[in-house]
Amino acid sequence: MDRLPDAPAGAPDADELLELYALDLLEGEDALEAERLLARSAEARERVRALRGVAAMLALDIEPAEASPNLKGRILAAARADVDDASAPAAATPAPIRLDAVRAARAGWVDRLGWAAAAVLALALVGSLVWNMQLRDELRQRPDATIFAVHGSEDAVGVTGEVVVLGDDGTTIVTLRGLPQLERGMVYQIWLIAGETPEPDVTFVGDTTGLASVGVAGSISGFDTLAITVEPAGGSSAPTSPPIILSDLTTQS
Amino acid sequence: MAQGPDDLAHTETTETIASARSESELMARLRSGDDAALGELYDRYSGPAFALALRMLGERGVAEDVVQEAFLSVWRRASTFDTERGSVRAWLLSIVRNAAIDRTRGRNRQRQGDVALDDVAYRLAADDVWSEVAQRLERERVRAALRELPSEQRETLELAYFGGMTQAEIAARTGEPLGTVKSRARLGLRRLERLLRAGYENGPDGSLA
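Heads up: the protein sequence lines correspond to chains A and B, in order.
What the first sequence shows, in the numbering used here, is residues 1 to 253, in sequence order.
What the second sequence shows, in the numbering used here, is residues 1001 to 1209, in sequence order.
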């Protein structure tokens, strides 16, 4: 790949960005630049896939090791506990597990209104947004990109960004700025919602400056809302807290 | 009766298709909440997952925690995985690596958005072509390829892959200028790619396929 279009003098070229990105060496604006390139280029995504495969070969040089015999049992027990939690009456609606009083109060929406209704209500609490025009304009240059705005609730009022669906392979990327720092052991998790049923998607964290670009694992086709909640590390099978970021997938930006 | 080249190719293709079907069926069972399928997944991949975690973290207990977190993550998010787009093994190992990096870096320095892209690892990580390479090449041949890397390039790649360090952190650790770290990383990665690709294009015995 050649130089990036409109790249300033001295800026890394596309090959350098992708190679360093594939090794997870980049941070901050360099990482964001690489992710913008990945967002608009299927060729770049294929290149990173291949390079990460190369780097992963380093793992073949590891001495074999076996975990303790009881690890499998611990994992299966935890998985069964997940199932039990999901089927228990108390877990029929999501319950806050780590939130402060404000969030706990808002979790009450979920009990009273149901998850989808809570999402709609949270959308109404959108604060003042500073839209990243530069990034949005850059993505808009792709004729096959469909863009949806994201909105932060009162707990993420400074969050800006967008959901970008790329036409070439349906890749969906959520780009966010201004993410609140998470408590230890917590992650953000994406949910795709149709009606009142949230489907779990990927988990992620932002960097120290609150930036994140997230590849959505599932197809957004058939879903009307994308929501983001704070969940325990590893993610949840059902939301345990109210959404703090939402995107209406029925209305393009 | 000895197998000819065509027989071997047929056998290999059949095995590849069977393996893909088996993995697809396994994930379908996971999506339906079949915990026995999780047990089978553990039997299949816990070895490399634990070895990777242990290499990155150095402590068995912490490594087991990371492996547990990774398998539960697969269990909880099986519905998001598309077997058409990559291998479960690649997805699982990427989750292990990311979780291990989280442990080593802590939350004082969270990873950037690549984390999330890694989270859908079958999209951006461990291309299946290279999974085939791994299956075709004997471990010793892979190690031989790694040994051909200049030590400083290999060290840089290992600090990145196993240490989860950024380029700035590697520069601070090694005392080398940032530009040198970038060059070593890029040269090492490209050289490793060439070596492995050459190994892939040659047969398992070193002859041309």
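Treat the hints loosely; a few may be bogus.
[Claimed, not checked] Across the chosen pairs, the derived CB separations fall in these ranges:
{"hint": "1", "chain 1": "A", "residue 1": "Leu182", "chain 2": "B", "residue 2": "Arg1194", "range": "18 to 24 Å"}
{"hint": "2", "chain 1": "B", "residue 1": "Arg1147", "chain 2": "A", "residue 2": "Gln252", "range": "21 to 27 Å"}
{"hint": "3", "chain 1": "A", "residue 1": "Glu46", "chain 2": "B", "residue 2": "Leu1178", "range": "25 to 31 Å"}
{"hint": "4", "chain 1": "B", "residue 1": "Ser1151", "chain 2": "A", "residue 2": "Glu63", "range": "42 to 48 Å"}
{"hint": "5", "chain 1": "B", "residue 1": "Ser1024", "chain 2": "A", "residue 2": "Glu63", "range": "29 to 35 Å"}
[To be verified] In silico negatives: residues of chain A with every beta carbon more than 12 Å from chain B:
{"hint": "6", "residue": "Phe148"}
{"hint": "7", "residue": "Arg184"}
{"hint": "8", "residue": "Glu199"}
Just so you know, these hints were derived from the structure itself, not from any lab.
This structure is a prediction, so every number in the text was calculated from the model and none was measured.
Glycine included, each C-beta is placed from N, C-alpha and C at the ideal position.
Consistency of the hints with the structure:
Look at Leu182 of chain A against Arg1194 of chain B: about 40 Å separates their beta carbons, and that is not inside 18 to 24 Å. Between Arg1147 of chain B and Gln252 of chain A the beta carbons are some 53 Å apart, a value that contradicts the proposed interval 21 to 27 Å. In this structure the supplied range 25 to 31 Å holds for Glu46 of chain A paired with Leu1178 of chain B, their Cβ-Cβ distance being about 28 Å. For the pair Ser1151 of chain B and Glu63 of chain A, the beta carbons lie near 19 Å from each other, so the given range of 42 to 48 Å is not met.
For Ser1024 of chain B paired with Glu63 of chain A, a C-beta distance near 31 Å keeps the hint of 29 to 35 Å intact. Remark: the non-interface label on Phe148 of chain A is consistent with the geometry, its nearest Cβ contact in chain B lying 17 Å away (cut-off 12 Å). Separation of Arg184 of chain A from chain B is inadequate, the least Cβ-Cβ distance of about 5 Å not exceeding the 12 Å criterion. For Glu199 of chain A, the shortest C-beta to C-beta distance to chain B comes to about 6 Å, within the 12 Å cut-off, and the non-interface label is violated.
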